[in-house]
Amino acid sequence: MADTKRMQTVAGIILVFILFLTGPFILPVYWTMILTEILIMGLLAMSFNLLFGYTGLLSFGQAGFFGVGAYATALFLSKGGNSLFVSLVAALGAGAVAALVIGFLCVRRDEIYFAMITLGFGMMLYTVAHNWLSLTGGSDGLPLLNVPALNLLGREFSLFDPNVMYLFVLTVTALCIFFLWRVVRSPFGLMLTAIRENKQRLAFVGAGVQHLRLAAFVIAGALAGMAGGLFCLFNAMATPDILHWGFSSRPVLMTVLGGSGIFFGPLFGAAIFFGLEQLITSMTENWMIFLGIILVPVVIFFPHGILGTLMDWMRTRTKRAP
Amino acid sequence: MSETPILQIENLGHSYGRYLVIRDISLAVAPGELTALIGPNGAGKTTFYNAVSGHFRPTRGRVHFNGRDITGVPAHKLVPMGLLRSFQITNIFPNLTVMENILVPLVLHHRKGFAFLPSLRRKKKLYREAEEVLDKVGILSSAYRLANELPYGDKRLVEMAIVLARNPKLVMLDEPTAGMNPEETERMIHLIKELATRFGTTFFLTEHDMKVVFSVASMIYVLHQGVLLAQGDKEAIRANTAVREAYLGGSARD
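Residue numbers (numbering that gives the first Met the number 0), protein chains in the order written: chain V, 0 to 321; chain B, 0 to 253.
Accuracy of the hints is not assured; some may be wrong.
What the hints assert, rightly or not - Mimicking DSSO-like on lysine-lysine, the simulated pairs with C-alpha atoms at most 30 Å apart in a straight line are: (1) B:Lys124 / B:Lys192; (2) V:Lys198 / B:Lys168; (3) V:Lys198 / B:Lys124; (4) V:Lys198 / B:Lys76; (5) B:Lys192 / V:Lys4; (6) B:Lys76 / B:Lys111; (7) V:Lys198 / B:Lys111; (8) B:Lys76 / V:Lys4; (9) V:Lys4 / B:Lys122; (10) V:Lys198 / B:Lys122.
Worth flagging that the hints you see were computed from the coordinates, not collected in a lab.
Bound-form chain V, shown alone (with noise of 0.2 Å):
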């Protein structure tokens, strides 16, 4: 029975990637680049609920590593590098070290006091970025003055054609998001849903807590570093806003929509974000207060997420269902 409820799951995720992948070819170019903006998003939120969803930890600078991220690619770029896979690893590479070192000193503390951390380190990296004008352009950002082209076949693509970053962006995030996969249902990542649900019974059993966090920590920060890379090329630019603690708090609504530690909560929660946002922004500039009046009733009404709802009441009606 556990079989075919895994068959279930993993058809349906096949199926959600298909949709995904014909979105391009019936898509008008606007959506398919909301589509790239929701993806990206979600991978970033995605990172941050390996830490807040599955660990317990509230991380409030995830925007900085995606920021570092971003970053890291933009150098590469503008200073002569001329390789995408190098530009995007060097993002990867970048959100990891950043995390590594942040880290190190932010997994001692536990929910507020954690939180506060990461969102003090968060405000250095956006007063960095802001500030440090020879290197980063401060305010104007860095523009990417060239991407490479995608080379595929002997064929070249250009990044530019929204379809073609597209369809980049989503081979990126699924690899991504399969790494994720992997990681939650190994052992180590059942060590992280244990920090969650009793960390001094972990401890109490020979786990060293703190080092299982700062992993998760600097696993969620390559992914979101990566993420950073994607929307540096999506834009063309990094921009010193995308490290700001506002931006950090972001993945945290995309993921409390969604359903946190709902492994898709954070994506689906992306793209009601975004979704939301287009179609009320057309009828108004005020769109955060409508935000607001959806927020708050999932917080109360649906503490697992919309996605994780929907799940619940699916798995209720299989359940009834002879």
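We have chain V already, so just place chain B on it with the hints.
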């Protein structure tokens, strides 16, 4: 008693600020001997436990485990050596299944805590070992239920199974039957005795319930206002007048 004691404590003392909670506690536990520490509320039992099991460093005295000095060694480093404890309040992983509760210590036991790519589900050996442990404590049939949904007594058995999964040499139980109904208490007593005789695990426990202590322990220490008041087998403890006055309120019947 020619064997090296599994646990040897010398002049253990601990103070919070100027308040001395326990002092001059010396005792030795022989391997396999079921030992109990009793004492009225506030006698310092929990402080004693925390000082021995690596919760904090005692301000005075030494703790030896299997001949090794482990004074102040943090809990997660004592575990691989074979010293584990349970808590007065049920301490499990509430929103994981019972099976996962046991897989957690088993993953750590096999040093796979940082294995982040292999699938846990494919580790059939771990699942088999977990089943064995669950079978030992008698909750195998609840393996795939959420730990949180089990009745109270079964939750305490989950905790016992978590501890046993790390294959301990010495288990320190802090009031293992607290809050249990008579049936659950009976089951726990039976389990402790069985584990001690069949698997040679050494148990050290604190208890409020005299019946439990007298039916399980072969060696009893009495803690009163931070110092050891008496020690001996149950007859000796029952007969001890100082203990009667301090703890049994002079009315030890049965």
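Each hint tested on the structure:
1. Simply put, B:Lys124 and B:Lys192 have alpha-carbon atoms about 28 Å apart, close enough for the 30 Å limit, and the pair holds.
2. Pair hint V:Lys198 plus B:Lys168 holds up; C-alpha atoms about 23 Å apart against a cutoff of 30 Å.
3. Under the criterion of a C-alpha separation no larger than 30 Å, the hint pairing V:Lys198 with B:Lys124 is consistent with the structure, at around 25 Å.
4. For the proposed pair V:Lys198 and B:Lys76, the alpha carbon gap of about 15 Å is at most 30 Å, so the pair holds.
5. Restraint check: the Cα-Cα separation between B:Lys192 and V:Lys4 comes to about 41 Å, which exceeds 30 Å; the hinted pair is violated.
6. Between the alpha carbons of B:Lys76 and B:Lys111 the distance comes to roughly 16 Å, so the proposed pair stays at or under 30 Å and holds.
7. Among the hinted pairs, V:Lys198 with B:Lys111 is consistent with the structure: their alpha-carbon atoms are about 17 Å apart, no more than 30 Å.
8. Annotation: proposed proximity of B:Lys76 to V:Lys4 is violated, straight-line Cα distance about 39 Å (limit 30 Å).
9. The straight-line distance between the Cα atoms of V:Lys4 and B:Lys122 is roughly 19 Å, inside the 30 Å bound, and the hint therefore holds.
10. Simply put, V:Lys198 and B:Lys122 have alpha-carbon atoms about 23 Å apart, close enough for the 30 Å limit, and the pair holds.
Hint compliance for this structure: hints 5 and 8 are broken, all remaining hints hold.
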